[in-house]
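Novice: Protein chains in written order, with our numbering: chain A, 1 to 120; chain B, 1 to 111.
It is worth saying that the hints were derived from the structure and are not from the lab.
Note that the structure is a prediction, hence the values are computed from the model and not measured.
Hints are supplied without guarantee of correctness; some may be wrong.
Claimed, not checked - Quick list of in silico lysine-lysine cross-link-like pairs, BS3-like style, CA-CA up to 30 Å:
#1 B:LYS80 / B:LYS106
#2 B:LYS15 / B:LYS106
#3 A:LYS60 / B:LYS96
#4 A:LYS60 / B:LYS15
#5 A:LYS60 / B:LYS70
#6 B:LYS106 / B:LYS96
#7 B:LYS70 / B:LYS80
#8 B:LYS70 / B:LYS106
#9 B:LYS106 / A:LYS60
As the list claims (entries may be wrong) - Which chain B residues stay away from chain A? Per the calculated CB distances, all over 12 Å, these:
#10 VAL6
#11 GLY8
#12 ASN23
#13 GLU50
#14 ARG66
#15 GLN74
#16 LEU76
#17 PRO78
#18 TYR85
#19 LEU89
#20 THR108
Ideal placement from N, C-alpha and C gives every residue a C-beta, glycine not left out.
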Amino acid sequence: MSNQTLALCRAAPYGSALAREGIEAVLASAAMEQEIDLLFLGDGIFQLLDNQAPEAIEQKSLRRNLMALPMFGVEQLYVCQRSLEERGIGPDLIQIPGAEVTLVGNPGELIAPYQCVLSF
Amino acid sequence: MSNLNVNGQEIPLDKEGYLRNLNDWNRDVAEELARTEEIELSSAHWEVIELLQEFYRQFELSPAMRPLVKFIGQRLGPEKGRSIYLMQLFPPSPAKIASKIAGLPKPTNCL
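Next comes chain A alone, as it looks inside the complex (with noise of 0.2 Å):
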């Protein structure tokens, strides 16, 4: 736990470029063998909705990229549950395959011991 980095995803998926800001930095942590792990709360919830269509304003899938954590060695992914429930989101639409989402009732709780903390 101590080396392990948290990441913060706050943002809804294409309002501005911060979402895929923290998905880059992620991404590349995980390239260089860091442990790191997501939690989604917020607007960030939005990234993990399947129904994007971003091609509509000539962007990539944040999803898309979101799916490829895995690959990369990122597998532990945590919700909000609080979040989820006030946008009235379903925990089934927000699975990644290969990826273990856990749904966190009290977000500070799991933050606390965390070393180091990036928020998005």
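Got chain A; can you put chain B on it based on the hints?
Specialist: Positioned in the frame of chain A, the structure of chain B alone reads:
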């Protein structure tokens, strides 16, 4: 390098030699890109190139070394899913060189 001449057609490249337009790719273009890297493409190379393109279609990104090794291993077995195997095919930097020949963008997370 800014253009690649393939069968009389000028194919625009970026300053590192990657295709500017992914739609320009075909097997002749791949052969020519490989020649600039001094690689002669064998069936073993094509096997990896096709899987790289599949990786790109699936995840919309070019793989860095670690995911490339894992993906190749899943599809072609542990003998080929090893960095030494890919190094022999696409020296000196397999993720970058193979992506280039496959017509994909340079891996952004390849530092």
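Novice: It remains to establish, for every hint, whether it holds in the given structure.
Specialist: Structure-based check of each hint:
At most 30 Å may separate the alpha-carbon atoms for a hinted pair to count; LYS80 of chain B and LYS106 of chain B meet this at roughly 22 Å. For the proposed pair LYS15 of chain B and LYS106 of chain B, the alpha carbon gap of about 11 Å is at most 30 Å, so the pair holds. Between LYS60 of chain A and LYS96 of chain B the alpha-carbon distance is near 20 Å, which keeps this suggested pair within the 30 Å criterion. For the hint linking LYS60 of chain A to LYS15 of chain B, the alpha-carbon distance of about 23 Å falls within 30 Å, and the restraint holds.
Between LYS60 of chain A and LYS70 of chain B the alpha-carbon distance is near 23 Å, which keeps this suggested pair within the 30 Å criterion. Distance check on the hinted pair: LYS106 of chain B and LYS96 of chain B sit about 6 Å apart at the alpha-carbon level, within 30 Å; holds. Under the criterion of a C-alpha separation no larger than 30 Å, the hint pairing LYS70 of chain B with LYS80 of chain B is consistent with the structure, at around 10 Å. Simply put, LYS70 of chain B and LYS106 of chain B have alpha-carbon atoms about 18 Å apart, close enough for the 30 Å limit, and the pair holds.
Proposed proximity of LYS106 of chain B and LYS60 of chain A is supported: the alpha carbons are some 15 Å apart, at most 30 Å. Residue placement check: VAL6 of chain B keeps its beta carbon more than 12 Å from all beta carbons of chain A (closest about 27 Å). For GLY8 of chain B, the non-interface assignment is confirmed: its Cβ lies about 31 Å from the closest Cβ of chain A, beyond the 12 Å cut-off. Separation of ASN23 of chain B from chain A is adequate, the least Cβ-Cβ distance of about 15 Å exceeding the 12 Å criterion.
With 12 Å as the threshold on Cβ separation, the claim that GLU50 of chain B sits away from chain A holds: the shortest Cβ distance comes to roughly 17 Å. A beta-carbon of chain A comes within 12 Å of the beta-carbon of ARG66 of chain B; the shortest separation is about 6 Å. Here GLN74 of chain B does not stay apart from chain A, with its beta-carbon only about 9 Å from theirs, under the 12 Å limit. No beta-carbon of chain A comes within 12 Å of the beta-carbon of LEU76 of chain B; the shortest separation is about 15 Å.
At roughly 16 Å from the closest C-beta of chain A, the C-beta of PRO78 of chain B stays outside 12 Å, upholding its exclusion from the interface. Consistency note on TYR85 of chain B: stated as away from chain A, and its beta-carbon is indeed over 12 Å from all of that chain's, at 17 Å minimum. No beta-carbon of chain A comes within 12 Å of the beta-carbon of LEU89 of chain B; the shortest separation is about 19 Å. Not every C-beta of chain A lies more than 12 Å from that of THR108 of chain B, the closest at about 6 Å, which undercuts listing it as non-interface.
Checked against the numbered hints given earlier, this structure breaks hints 14, 15 and 20; the rest are met.
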